[in-house]
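Keeping their order, the protein sequence lines are chains A and B. Residue numbers for the first sequence follow the working numbering, beginning at 1 and rising by one. Residue numbers for the second sequence follow the working numbering, beginning at 1001 and rising by one.
These aren't lab readings, by the way, just hints derived from the structure by calculation. Virtual Cβ for every residue (Gly too), placed ideally from N, Cα, C. The reader is advised that the hints may include incorrect statements.
Quick list of in silico lysine-lysine cross-link-like pairs, DSSO-like style, CA-CA up to 30 Å [what the hints assert, rightly or not]:
#, chain 1, residue 1, chain 2, residue 2
1, A, Lys202, B, Lys1156
2, A, Lys15, A, Lys273
3, A, Lys12, A, Lys71
4, B, Lys1142, A, Lys71
5, A, Lys45, B, Lys1071
6, B, Lys1045, A, Lys71
7, A, Lys14, A, Lys142
8, B, Lys1081, B, Lys1202
9, A, Lys28, B, Lys1273
10, B, Lys1262, A, Lys71
11, B, Lys1014, B, Lys1231
12, B, Lys1012, A, Lys28
13, A, Lys142, B, Lys1071
14, A, Lys142, B, Lys1156
15, B, Lys1085, A, Lys175
16, B, Lys1262, B, Lys1028
17, B, Lys1156, A, Lys71
18, B, Lys1175, B, Lys1014
19, B, Lys1175, B, Lys1262
20, A, Lys28, A, Lys12
21, A, Lys14, A, Lys71
22, B, Lys1156, B, Lys1202
23, A, Lys175, B, Lys1156
24, B, Lys1262, A, Lys156
25, B, Lys1081, A, Lys71
26, A, Lys81, B, Lys1071
27, A, Lys142, B, Lys1028
28, A, Lys85, B, Lys1071
29, A, Lys156, B, Lys1014
30, A, Lys231, A, Lys85
31, B, Lys1202, A, Lys156
32, A, Lys28, A, Lys81
33, B, Lys1142, B, Lys1012
34, A, Lys12, A, Lys142
35, A, Lys156, B, Lys1142
36, A, Lys71, B, Lys1028
Just a sample of chain B residues kept apart from chain A, beta carbon distances all over 12 Å, derived [as the list claims (entries may be wrong)]:
#, residue
37, Arg1034
38, Gly1069
39, Tyr1082
40, Lys1085
Number of protein chains: 2
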Amino acid sequence: MISRQQLIQQIKQKKSFLCVGLDTDIEKIPAFLRDHPNPIFEFNKRIIDATRDLCIAYKPNAAFYEKHGVKGLQSLVDTYKYLPKDCLSIIDAKRGDLGNTSEMYAKAFFDEASSGMSFDAITLAPYMGRDSVDAYLAYPGKWAIILALTSSASSKDFQYLHTDRGYLYEAVIQKANTWAGADRIMYVVGATKSLEFVNIRKLAPDHFLLVPGIGAQGGSLEDVCRYGMNKDCGLIVNSSRAIIYASNGEDFAEAARAEALKVQQQMQVELEKVGII
Amino acid sequence: MISRQQLIQQIKQKKSFLCVGLDTDIEKIPAFLRDHPNPIFEFNKRIIDATRDLCIAYKPNAAFYEKHGVKGLQSLVDTYKYLPKDCLSIIDAKRGDLGNTSEMYAKAFFDEASSGMSFDAITLAPYMGRDSVDAYLAYPGKWAIILALTSSASSKDFQYLHTDRGYLYEAVIQKANTWAGADRIMYVVGATKSLEFVNIRKLAPDHFLLVPGIGAQGGSLEDVCRYGMNKDCGLIVNSSRAIIYASNGEDFAEAARAEALKVQQQMQVELEKVGII
């Protein structure tokens, strides 16, 4: 369990607000690992060993494990158990359902006795409203990370609809702000939306924002920091493919470390720029 | 694989548009089954055997299986394999993500070679737009069932927001109508919203609507039919708890059958009323 204060402490200590996204795709990992009995876990293990001092969070993307059915889920459980306890563990699951179903998903991802896994945080889709979030908040100290503004082109389909409470993504933030505070809720805001950060910071000045879209998706770290950083940093910036697939040779873990180090050093500059460290 | 025409045929043949929801909760199944090596699958198997001639679809709710981690997912795979091929198999997963992640979820639920499961249809959350749906439509003949108006009180949080294209749920239907036709897309509309069916039928006259909320959640079948039925029936009405937990004794399967039969007979009346059969 990582509290808001512990998260801020980790950021200052590691001079980093990097989240390594474990979107581990069997077709993209080095060929020599594929004969391993548990190749996805083996890959993750080596990535984690190579990056754990450079990042403050890990985020396995559930889809990449579910793709392989039972065997894939076992790799996710193994990965969960291997995650360093000083890093925030985020399951990127984007669940969202009625109250009684949300309770079951909460057990799947937050209750180790039930499922073998107990992540610190989960990403959630807001469409079904408060019922999609409450069951997770019932676990003391755990985090609900709610989709606000995502990074793909099709985020415009609905998130930018004009509503009587502003854009839909603004209405989501305003409403979810009433469900719990910045110590329990974060928002997902894509890095490709850097100008919107100004707007989002008006609505959620204190919240941590989970920011995917750096690297492969083309967002700029400098812009995200300029417009999105708050006095506690308030950003967890995710990079998946650019780090974990930096090389597909035998040196993949070293290459991932080199890439993570590059991002960490940029982050250090940004943290120093505003006097957080 | 069940096409629109086959679905309509099944409805006429079975005089039913019932979907049995397999929200199978280990804490609610009869005590004598709990010592079974695969209790959730054993329960489902007996429910399926007892109801397959009375319903046209089965809908396992992924959360209830994921709750138990690897073991639960194995029960879901076993259940998938046991589902009768003449019934539409719907995985109630409410996924919704970026394109490259949606492709992975599509493999999880639509590609048996990858995951052990290949359902005919999946429920999807629309918040992230078209990317959340396209990857599933890429599987010929399979169905995307998009959340429009859900049945819980908190559906009001966002689905009834006034947007410049009507209520949010109306904007979702209008936009998703442009992604594929009534032969590939259905919408989820809660049974507790019967007056809104009139409105929804203006936007989606030909689509099948998946309607949860009958039974335990208090929706009226008669109202749903009055306002929501179209010339092909156009409704798949789900009941979960009221059927599968009709008894928690040794007679649970017979009790489930009796309950399903009651609903099927009401459905027959409704189908006869409008001359579909």
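Against the structure, the hints come out as follows:
A C-alpha spacing of about 24 Å is found between Lys202/A and Lys1156/B, which places the hinted pair at or below 30 Å, so the restraint holds. Only pairs whose Cα atoms come within 30 Å are accepted, and Lys15/A paired with Lys273/A is accepted, the gap being roughly 12 Å. Using a Cα cut-off of 30 Å, the hinted pair Lys12/A and Lys71/A is violated, with the two alpha carbons roughly 38 Å apart. Between Lys1142/B and Lys71/A, the direct Cα distance comes to roughly 24 Å. Compliance with the 30 Å bound is thereby established for this hinted pair.
The straight-line distance between the Cα atoms of Lys45/A and Lys1071/B is roughly 23 Å, inside the 30 Å bound, and the hint therefore holds. A distance of roughly 23 Å separates the Cα atoms of Lys1045/B and Lys71/A; the hinted pair therefore holds under the 30 Å criterion. For the given pair, Lys14/A sits about 22 Å from Lys142/A by alpha-carbon distance, which is consistent with the 30 Å threshold. Note on Lys1081/B and Lys1202/B: the hinted pairing is violated, with a Cα-Cα distance of about 38 Å set against a maximum of 30 Å.
For the hint pairing Lys28/A with Lys1273/B, the CA-to-CA distance comes to about 57 Å; that exceeds 30 Å, so the pair is violated. Under the criterion of a C-alpha separation no larger than 30 Å, the hint pairing Lys1262/B with Lys71/A is inconsistent with the structure, at around 41 Å. Between Lys1014/B and Lys1231/B the alpha-carbon distance is near 17 Å, which keeps this suggested pair within the 30 Å criterion. Restraint check: the Cα-Cα separation between Lys1012/B and Lys28/A comes to about 48 Å, which exceeds 30 Å; the hinted pair is violated.
Under the criterion of a C-alpha separation no larger than 30 Å, the hint pairing Lys142/A with Lys1071/B is consistent with the structure, at around 24 Å. Between the alpha carbons of Lys142/A and Lys1156/B the distance comes to roughly 26 Å, so the proposed pair stays at or under 30 Å and holds. For the given pair, Lys1085/B sits about 43 Å from Lys175/A by alpha-carbon distance, which is inconsistent with the 30 Å threshold. Among the hinted pairs, Lys1262/B with Lys1028/B is consistent with the structure: their alpha-carbon atoms are about 22 Å apart, no more than 30 Å.
Distance check on the hinted pair: Lys1156/B and Lys71/A sit about 39 Å apart at the alpha-carbon level, beyond 30 Å; violated. The suggested pairing of Lys1175/B with Lys1014/B is violated, with an alpha-carbon distance near 33 Å, which exceeds 30 Å. With a C-alpha separation of about 37 Å, the suggested pairing of Lys1175/B with Lys1262/B is violated against the 30 Å cut-off. Of the supplied pair hints, the one linking Lys28/A and Lys12/A is violated, its CA atoms being roughly 33 Å apart against a limit of 30 Å.
In summary, the hint linking Lys14/A to Lys71/A is not supported, as the alpha carbons are separated by about 34 Å, beyond the 30 Å threshold. Distance hint between Lys1156/B and Lys1202/B is fulfilled; the C-alpha atoms sit about 21 Å from each other, no more than 30 Å. Proposed proximity of Lys175/A and Lys1156/B is supported: the alpha carbons are some 11 Å apart, at most 30 Å. A hinted pair counts as satisfied when its Cα atoms are at most 30 Å apart, and Lys1262/B with Lys156/A does not qualify at roughly 45 Å.
The suggested pairing of Lys1081/B with Lys71/A holds, with an alpha-carbon distance near 17 Å, which does not exceed 30 Å. The straight-line distance between the Cα atoms of Lys81/A and Lys1071/B is roughly 17 Å, inside the 30 Å bound, and the hint therefore holds. Taking the CA atoms of Lys142/A and Lys1028/B, the gap is near 27 Å; set against the 30 Å cutoff, the hint holds. Of the pairs offered as hints, the one joining Lys85/A and Lys1071/B holds, with about 25 Å between alpha carbons and a cut-off of 30 Å not exceeded.
Distance check on the hinted pair: Lys156/A and Lys1014/B sit about 42 Å apart at the alpha-carbon level, beyond 30 Å; violated. At roughly 25 Å between alpha-carbon atoms, Lys231/A and Lys85/A fall within 30 Å of each other, so this suggested pair holds. Restraint check: the Cα-Cα separation between Lys1202/B and Lys156/A comes to about 25 Å, which is no more than 30 Å; the hinted pair holds. Taking the CA atoms of Lys28/A and Lys81/A, the gap is about 23 Å. The hint holds against a cut of 30 Å.
At roughly 21 Å between alpha-carbon atoms, Lys1142/B and Lys1012/B fall within 30 Å of each other, so this suggested pair holds. Note on Lys12/A and Lys142/A: the hinted pairing holds, with a Cα-Cα distance of about 21 Å set against a maximum of 30 Å. Between Lys156/A and Lys1142/B, the direct Cα distance comes to roughly 26 Å. Compliance with the 30 Å bound is thereby established for this hinted pair. Between Lys71/A and Lys1028/B the CA atoms are separated by roughly 28 Å; this keeps the pair inside 30 Å, and the hint holds.
In this structure Arg1034/B is separated from chain A by more than 12 Å, as the shortest Cβ-Cβ distance comes to about 15 Å. The Cβ of Gly1069/B does not lie farther than 12 Å from every Cβ of chain A; its closest approach is about 4 Å, which violates its non-interface assignment. Every CB of chain A is more than 12 Å from the CB of Tyr1082/B (nearest about 16 Å), matching its label as outside the interface. Every Cβ of chain A is farther than 12 Å from the Cβ of Lys1085/B; the closest lies at roughly 20 Å, confirming the non-interface assignment.
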